[in-house]
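*Asks:* Sequence:
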Amino acid sequence: MSDKALREQICQIGRLMYQNGYIDSTSGNISARLGPDRILCTPSGLAKGFMSPDQLIEVDPDGNRVGAVTEANAHLKPTSEILMHLECYRQRDDVNGVVHAHPPTAIALTIAGIGLEDCAVPEAIIILGIIPTTPYATPSSAENRDAIRSLIREHDGLMLAYHGSLTVADSVWNAYMRLETLEHTAKIMYMAHQLGNVIPLPPHQIDKLLAQRRQLGLMRPGDVQRFRHAYGLDDTNDLEARIRAIVREALADLQL
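The working numbering applies: residue 106 is where the sequence shown begins, and numbers increase by one.
Simulated from the structure, these hints should not be mistaken for lab results. Among the hints, a few may not be true.
Label-pair distances were calculated between CB atoms; the ranges are [claimed, not checked]:
| no. | residue 1 | residue 2 | range |
| --- | --- | --- | --- |
| 1 | Ala316 | Thr175 | 41 to 51 Å |
| 2 | Pro240 | Gln299 | 18 to 28 Å |
| 3 | Asp159 | Asn302 | 48 to 58 Å |
| 4 | Glu259 | Pro141 | 33 to 43 Å |
| 5 | Ala297 | Val174 | 43 to 53 Å |
| 6 | Val174 | Met324 | 36 to 46 Å |
| 7 | Gly218 | Glu259 | 20 to 30 Å |
| 8 | Ala316 | Val174 | 44 to 54 Å |
| 9 | Pro326 | Asn302 | 19 to 29 Å |
| 10 | Gly327 | Ala177 | 36 to 46 Å |
| 11 | Asp165 | Gln299 | 38 to 48 Å |
| 12 | Met296 | Lys182 | 36 to 46 Å |
| 13 | Ser255 | Phe155 | 30 to 40 Å |
Because the structure is a prediction, the values reported are computed rather than measured. From the three backbone atoms N, C-alpha and C, an ideal C-beta is built for every residue, glycine too.
Let the hints inform the model, and build the full structure from the sequences given.
*Replies:* Structure (structure tokens):
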């Protein structure tokens, strides 16, 4: 994709994020890899729903501004979350796009102490796998970068406690698509909790979803072990894990 087309796509994503309520005011940020030593990112303090392509900013892997300075972006600075974006690229050679948003339902779940690690939405399991929640960290800080470092190596979507979401992909468009999946999943699980009884998928159905995830080439290193732990599929003598699996099967049998 050309530089011009990528800039236009980032602006389109910014509009979609604003229109869908994933961001408000000047919140949220988007970036894309231009090459081995250049990242294109949204500016700080600018409404992402109303950006123009010439307002986007290029930085190097250390966050220093590079590339052409235009009349439209001369007064602007890179996103305040640039440390978090750069960490994603540093940890993942396969990542070419990063999207950070403030989706309301996902944030609300983290405030209520509800995670999505063992969600019961099949599409989310296939597309995003395990969705962990990071410990709380001050936004736009090195602490926030450190909070995502180890998790982003193994996951394509994170819930940032009290703060928002972080999604990565092989393209910035796919990173945005994963944001849509994450917030849609959060809404479904929120409603399920409101109804008062979240019935888990049985372990054998989780195995089938994992097979689809593998077939689509979406598996991350360590996925099988993480799923087995989160969904009580551990093939060990761990009594707690075995009890979890039995309970899940029993509850699922009442519904499926």
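*Asks:* Now tell me if each hint is right for this structure.
*Replies:* How the hints compare with the structure:
1. Ala316 <-> Thr175: 41 to 51 Å: Holds - the Cβ-Cβ distance for Ala316 and Thr175, about 49 Å, lies within 41 to 51 Å.
2. Pro240 <-> Gln299: 18 to 28 Å: holds (26 Å)
3. Asp159 <-> Asn302: 48 to 58 Å: holds (52 Å)
4. Glu259 <-> Pro141: 33 to 43 Å: For Pro141 against Glu259, whose Cβ atoms are near 23 Å apart, the range 33 to 43 Å is violated.
5. Ala297 <-> Val174: 43 to 53 Å: holds (49 Å)
6. Val174 <-> Met324: 36 to 46 Å: holds (42 Å)
7. Gly218 <-> Glu259: 20 to 30 Å: This hint holds: roughly 22 Å between Cβ atoms.
8. Ala316 <-> Val174: 44 to 54 Å: For Val174 against Ala316, whose Cβ atoms are near 50 Å apart, the range 44 to 54 Å holds.
9. Pro326 <-> Asn302: 19 to 29 Å: Roughly 34 Å apart at Cβ, these two residues miss the hinted range, so it is violated.
10. Gly327 <-> Ala177: 36 to 46 Å: Given range 36 to 46 Å: holds, Cβ gap about 43 Å.
11. Asp165 <-> Gln299: 38 to 48 Å: For Gln299 against Asp165, whose Cβ atoms are near 46 Å apart, the range 38 to 48 Å holds.
12. Met296 <-> Lys182: 36 to 46 Å: holds (39 Å)
13. Ser255 <-> Phe155: 30 to 40 Å: holds (35 Å)
Comparing the model with each earlier hint shows violations of hints 4, 9; every other hint is respected.
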